[in-house]
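Number of protein chains: 2
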Amino acid sequence: MRETSIVGAYETPHGAHKERSLRDLITEAGNGAIRDAGIDRKEIQAVYVGNYAGNEFNGQNTLGSLAATVLGLGDRPAIRLEGACASGGLAVRQAMLAVATGQYETVLALGVEKMNGLDPEKTMNIVARGQDQDFEGGYCISGPSGFALNAVRHMHEFGTTREQMAMVAEKNFYHGSLNPYAHKQRALPLERIMKAPQVSYPFGIHDVSLVTDAAAAVIITTRDKARALRPDSVRILGSGQGGDYFTIALKHSSTSFAASVRAAEEAFRMAGVDRADIDVLECHDCFTITEIINIEDLGFVEKGKGGPFTADGHTRLGGKLPVNTSGGLKAKGHPIGATGVGQVVEMTFQLRDQADKRQVKNATRAMTHVLGGPGAVSVVHILGREGA
Amino acid sequence: MRETSIVGAYETPHGAHKERSLRDLITEAGNGAIRDAGIDRKEIQAVYVGNYAGNEFNGQNTLGSLAATVLGLGDRPAIRLEGACASGGLAVRQAMLAVATGQYETVLALGVEKMNGLDPEKTMNIVARGQDQDFEGGYCISGPSGFALNAVRHMHEFGTTREQMAMVAEKNFYHGSLNPYAHKQRALPLERIMKAPQVSYPFGIHDVSLVTDAAAAVIITTRDKARALRPDSVRILGSGQGGDYFTIALKHSSTSFAASVRAAEEAFRMAGVDRADIDVLECHDCFTITEIINIEDLGFVEKGKGGPFTADGHTRLGGKLPVNTSGGLKAKGHPIGATGVGQVVEMTFQLRDQADKRQVKNATRAMTHVLGGPGAVSVVHILGREGA
Chain U
1 MRETSIVGAY
11 ETPHGAHKER
21 SLRDLITEAG
31 NGAIRDAGID
41 RKEIQAVYVG
51 NYAGNEFNGQ
61 NTLGSLAATV
71 LGLGDRPAIR
81 LEGACASGGL
91 AVRQAMLAVA
101 TGQYETVLAL
111 GVEKMNGLDP
121 EKTMNIVARG
131 QDQDFEGGYC
141 ISGPSGFALN
151 AVRHMHEFGT
161 TREQMAMVAE
171 KNFYHGSLNP
181 YAHKQRALPL
191 ERIMKAPQVS
201 YPFGIHDVSL
211 VTDAAAAVII
221 TTRDKARALR
231 PDSVRILGSG
241 QGGDYFTIAL
251 KHSSTSFAAS
261 VRAAEEAFRM
271 AGVDRADIDV
281 LECHDCFTIT
291 EIINIEDLGF
301 VEKGKGGPFT
311 ADGHTRLGGK
321 LPVNTSGGLK
331 AKGHPIGATG
341 VGQVVEMTFQ
351 LRDQADKRQV
361 KNATRAMTHV
371 LGGPGAVSVV
381 HILGREGA
Chain A
389 MRETSIVGAY
399 ETPHGAHKER
409 SLRDLITEAG
419 NGAIRDAGID
429 RKEIQAVYVG
439 NYAGNEFNGQ
449 NTLGSLAATV
459 LGLGDRPAIR
469 LEGACASGGL
479 AVRQAMLAVA
489 TGQYETVLAL
499 GVEKMNGLDP
509 EKTMNIVARG
519 QDQDFEGGYC
529 ISGPSGFALN
539 AVRHMHEFGT
549 TREQMAMVAE
559 KNFYHGSLNP
569 YAHKQRALPL
579 ERIMKAPQVS
589 YPFGIHDVSL
599 VTDAAAAVII
609 TTRDKARALR
619 PDSVRILGSG
629 QGGDYFTIAL
639 KHSSTSFAAS
649 VRAAEEAFRM
659 AGVDRADIDV
669 LECHDCFTIT
679 EIINIEDLGF
689 VEKGKGGPFT
699 ADGHTRLGGK
709 LPVNTSGGLK
719 AKGHPIGATG
729 VGQVVEMTFQ
739 LRDQADKRQV
749 KNATRAMTHV
759 LGGPGAVSVV
769 HILGREGA
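Chain order of the listed sequences is U and A.
Here the first sequence is numbered in the working numbering, starting from 1 and rising by one per residue.
Here the second sequence is numbered in the working numbering, starting from 389 and rising by one per residue.
Bear in mind the hints are in silico, worked out from the structure with no lab data behind them.
Wrong hints could be hidden among the right ones.
What the hints assert, rightly or not - Straight-line distance between alpha carbons at most 27 Å, and here's what the computed DSS-like set of lysine-lysine pairs gives: (1) A:Lys693 x A:Lys613; (2) U:Lys18 x A:Lys510; (3) U:Lys122 x A:Lys510; (4) A:Lys708 x A:Lys691.
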């Protein structure tokens with residue numbers, strides 16, 4: 001496989017953009033990434049779009065073709081990829097694979113979701129269709145109640161506390177307060193997170209990710225071309241995709257997401273680097289417990305130690321392994337199809353020293369991780385600073 | 389790229405299966421293909437699923453993960469691909485590319501759609517979301533009215549007649565009458581097709597594809613492994629994907645689908661064969677005019693000659709180039725996400741001499757073609773008999 005790099009990255013401000021259309025978000029992100037890359041859009045040979053449910057949220061399906069058209073690339077092959085909350089990660093991965101295997105030279109990966117504007121109950125029903133509706137939807141298994149099962153089991157097995165989970169939220173809101181692209185840019189005191197109204201025990205409202213509108217895009221090309229284009233291109237060192245059972249009742253563990261473990265193994269094998277080489281991680285904190293489980297599953301801490309590792313401040317800016325410097329799904333927000341692409345945008349900013357107040361000093365290698373459905377799809381990427 | 393082949397193929401009966409669940413259709417097709425291949429399902433390393441709108445039709449999104457789980461492959465990476473009516477073709481193509489580029493050795497491509505069961509107006513609205521809703525949906529552009537624009541322009545420029553279009557339907561209903569998997573298995577006299585109630589001028593109700601429930605699946609592996617498994621494995625000689633503008637008003641032609649032209653060029657280049665080498669074609673006859681335009685765009689007849697070529701009987705079983713021996717979208721039916729996979733199943737049957745009453749004698753090379761949205765996405769495959 002050829003080596004690949006990111007030469008353009010852009011994301012729209014995240015928020016509840018009721019006044020902006022899907023088209024508008026796509027236009028800003030796609031054109032932003034093209035401008036950032038400094039290439040002629042004609043060099044883009046294919047378009048990969050992550051989107052979860054444009055048909056239900058916005059009455060518009062087939063967003064691969066829409067995005068290509070909106071960006072003046074309508075004559076290029078376009079594909080939409082969907083894997084619940086991992087959709088954006090799939091778009092980046094399929095785009096990277098197309099360049100790595102020589103199918104195309106330069107491609108665009110874009111993620112988009114516009115979730116606000118509907119009745120909140122309707123919105124939640126649409127989101128819940130990313131879980132097994134035949135067998136578990138009828139028993140009120142949705143995102144919050146499903147991940148709550150993981151949380152209570154993690155508490156039972158490892159002594160993880162409600163406070164440690166709240167600390168994930170406190171840290172991510174703090175990071176979000178430093179990110180001008182974040183949906184929520186205000187730090188929240190731990191006590192307020194602890195005392196927030198309950199959603200599904202043990203989750204309060206601040207343990208849960210946001211309902212966000214945004215688009216994000218990256219331009220991926222060969223490492224050779226990237227180096228010729230800009231000195232600060234960002235390498236894609238590794239990529240992995242893992243799967244696990246869609247039906248929660250079929251899973252082997254409630255305290256680990258096997259899909260993440262598998263995706264990370266593949267990505268690390270491809271990258272040929274160790275856990276210790278990763279300087280900053282953007283991972284899927286759809287719920288606070290998820291971030292704790294993620295840092296365990298990805299191999300950064302021993303199983304069961306995610307809570308204490310968080311409580312010790314290691315995942316905060318300035319810590320051993322800053323996690324979700326963007327604010328994560330909690331504060332930057334969770335525009336489903338855009339999330340996985342936006343993570344790569346944030347890490348690109350870090351590896352180009354463009355993360356401003358949230359910059360991790362001397363970051364040379366970064367990781368992104370998304371998790372879709374009830375832990376059914378995971379995509380991991382390992383990125384590296386060029387020449388480092 | 390490595391050479392690839394199909395070692396397993398299966399499709400469910402097509403029809404209005406109100407009593408069958410999405411899960412049930414997926415189970416039959418996936419297990420059918422695995423059984424047909426004679427492999428252990430553990431050999432399947434990844435799952436690619438074409439589906440257009442399970443979330444709206446069936447309240448279930450993320451069908452990649454659902455299909456993998458239902459088939460006992462939940463721990464494998466799974467992806468859902470969507471490109472409107474070309475979704476199934478995308479699943480086959482991405483699966484093939486994964487094997488060809490060495491990412492995986494053996495994979496499953498599955499397509500599924502369960503469209504019946506809702507109020508028909510709701511069903512039509514869901515289908516229309518595969519067109520540009522911001523700019524054209526509001527002007528009543530849907531499948532029928534959009535393709536009707538192509539029909540009237542083709543009539544105007546080339547003298548194509550209403551009767552020639554009806555002949556496409558008559559032929560495909562005849563072919564469908566020979567196919568036990570078809571939704572409609574009854575031949576219809578030309579006169580009845582001509583006099584059928586109008587849908588959108590010049591289309592009558594029999595010029596339009598069916599609203600169908602079905603699933604189809606194929607197992608793709610390396611040619612080397614395929615030859616070791618069975619003597620009648622079917623080679624994938626070529627594959628191509630083309631794009632074109634999603635907004636009808638932006639297109640350069642009303643009598644040609646540029647996406648099809650591009651997909652065919654890529655597939656023929658890869659396969660290294662000529663038009664004359666193709667013995668049987670399964671193409672996207674979503675409307676009767678589409679089949680006429682397709683055989684022109686794919687290069688089998690000169691632009692404008694598709695009508696007379698059809699009227700002369702060349703596309704009928706026994707003709708120069710039998711087209712849609714399955715009955716096509718018209719008679720076999722159009723379960724959106726399954727259509728592109730089902731075409732490959734039908735052509736696999738032809739190249740294995742298993743097409744019974746609709747068998748094309750000595751067929752050694754076959755082509756499949758899907759077209760999604762308003763001619764925005766096309767996927768073409770060229771298949772060949774092993775050893776021929």
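Holds or violated: U:Lys18 and A:Lys510, Cα atoms, limit 27 Å. holds, 25 Å
Given the proposed pairing of A:Lys693 with A:Lys613, does the C-alpha separation stay at or below 27 Å? violated, 42 Å
Given pair status - A:Lys691, A:Lys708, alpha carbons within 27 Å: Judged against 27 Å, a Cα distance of about 18 Å means the pair holds.
Taking 27 Å as the top limit, are the C-alpha atoms of U:Lys122 and A:Lys510 close enough? holds, 17 Å
Of the hints listed earlier, the one the structure fails to meet is number 1.
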